[in-house]
Amino acid sequence: MSFKMVAGLLVAAGMATVVHAGVKGTQGVVVDSTNREAYGVMADARSDSSSLSRITIVVEVAPSFTFAAVVFTDATGNSAQCYTMNASQIQWLASLDNDAYIDVTWDTTGECTTITTENDSAFSPKEP
Amino acid sequence: MRNAVVLALVAGGLVAGYVAGSHGDRARSVTTPAVVAAHGATETRIIHTGADESELRAMIRDELARAPAVRAAPPEPEPSAQAQAAFETARSLVASRIDAGSWREADRDALRSAIATLSHDQFEQIMSSLFPALNDGRLKLTFRGAAV
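As given, the protein sequences belong to chains Z and C, one line each in that order. Numbers 1 to 128, taken from the working numbering, label the letters of the first sequence in order. Numbers 129 to 276, taken from the working numbering, label the letters of the second sequence in order.
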């Protein structure tokens, strides 16, 4: 009896279940302009039902400087962005996992003050 | 606390040198593993020399006076004429777009062309003008993606 036949019989008998256990969570893009903070999970920004949600990280290396910018756009189109010329922050952003959670705060000049990232098994991987 | 530790390290080093130079026969040193562990390769010694506090202070003053002055980071060189022209272009672009209230993809591309030759300080000036305007709504992005 082939594997397919066994599997088919188990499914038919209600004996085969696909288990997706483990903690799962989602965090869409949040832009809090009042407190100058934005955050979200990259994968959840992509899978959001809104066509506007997005998190973008740009790193540019120019002859005299290197900088990075992080841009958040929430489901309603509100956006916020901050930039950094801090080498440690730039390195951190450049190496960020593509499905990570990212939280940034910025000052009145638009410069990122804190950048918090988190990788968690609860986060979804990006899907098409 | 950090200053205190640094002072202790300086004092330790100076006293060690002082003792080794002229009072070695009277010295007894004790290595402090905790401090060594906290400061990596720096070894700190506590020396019992018999010198009183005022003598120690005098030794530290003398040693510091002989130490080379701590040099500040060199100032950024004057921007080239090309960088200055690019800076004026970028500054003018951002100012005019803030007046217009929108930041278009063509503006981003123009800014990208200009900023490549900017100095670090010039770039920071442009960004600290552009980003607050984007975040407080004076500038509306008319395209998706990064403004720069």
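Incorrect hints may have been included.
[As the list claims (entries may be wrong)] Selected chain Z positions facing chain C (Cβ under 7 Å, derived; list incomplete): (1) Thr-56; (2) Val-61; (3) Ala-62; (4) Ser-64; (5) Ala-75; (6) Tyr-83; (7) Ala-87; (8) Thr-109; (9) Pro-128.
[What the hints assert, rightly or not] One-sided and incomplete, this derived list gives chain Z residues near chain C with beta-carbon spacing under 7 Å: (10) Ala-21; (11) Val-58; (12) Ala-80; (13) Trp-92; (14) Leu-96; (15) Ala-100.
Derived by calculation from the structure, the hints in this document are not laboratory data. Values in this document were obtained by computation on a predicted structure and should not be read as measured data. Glycine is no exception: its CB is placed at the ideal position from the N, C-alpha and C atoms.
>> Would the hint on Ala-100 of chain Z be counted as holding, given a Cβ-Cβ threshold of 7 Å to chain C?
In response: With a minimum Cβ separation of about 18 Å from chain C (threshold 7 Å), the hint on Ala-100 of chain Z is violated.
>> Checking hints one by one. Is Ala-62 of chain Z an interface residue toward chain C, by the C-beta closer than 7 Å rule?
In response: Hint on Ala-62 of chain Z: holds, closest Cβ of chain C at ~5 Å, below 7 Å.
> Hint check: is the beta carbon of Ser-64 of chain Z less than 7 Å from a beta carbon of chain C?
Replying inline: Holds: closest Cβ of chain C sits about 5 Å from Ser-64 of chain Z, inside 7 Å.
>> For the restraint on Val-61 of chain Z, tell me whether the closest CB of chain C is nearer than 7 Å.
In response: violated (10 Å)
> Holds or violated: Ala-21 of chain Z as interface residue toward chain C, Cβ cutoff 7 Å?
Replying inline: violated (37 Å)
>> Next item in the hint list is Thr-56 of chain Z. Is there a CB on chain C closer than 7 Å to its CB?
In response: Cβ of Thr-56 of chain Z sits 5 Å from chain C, so the hint holds.
>> Less than 7 Å between beta-carbons is the criterion; does Leu-96 of chain Z satisfy it with respect to chain C?
In response: Status violated, d = 15 Å.
>> Given a cut of 7 Å on the nearest C-beta pair, is the interface hint for Ala-75 of chain Z held or broken against chain C?
In response: This hint is violated: Ala-75 of chain Z lies away from chain C, its Cβ roughly 13 Å from the closest one there, beyond 7 Å.
>> Can you verify the interface hint for Thr-109 of chain Z: is its Cβ closer than 7 Å to any Cβ in chain C?
In response: Thr-109 of chain Z check passes; min Cβ-Cβ to chain C is 4 Å, inside 7 Å.
> Given Ala-87 of chain Z was flagged as interface, is its beta-carbon under 7 Å from a beta-carbon of chain C?
Replying inline: Given a least distance of 12 Å, the restraint on Ala-87 of chain Z is violated.
> Should the interface hint for Trp-92 of chain Z be scored as holding, given a Cβ-Cβ cut-off of 7 Å against chain C?
Replying inline: violated (17 Å)
>> Is the interface hint satisfied for Val-58 of chain Z? The criterion is a beta-carbon contact with chain C at less than 7 Å.
In response: For Val-58 of chain Z, the interface hint holds, since the closest Cβ of chain C sits about 4 Å away, which is under 7 Å.
The structure does not agree with the numbered hints 2, 5, 7, 9, 10, 13, 14, 15 stated previously, though it agrees with the rest.
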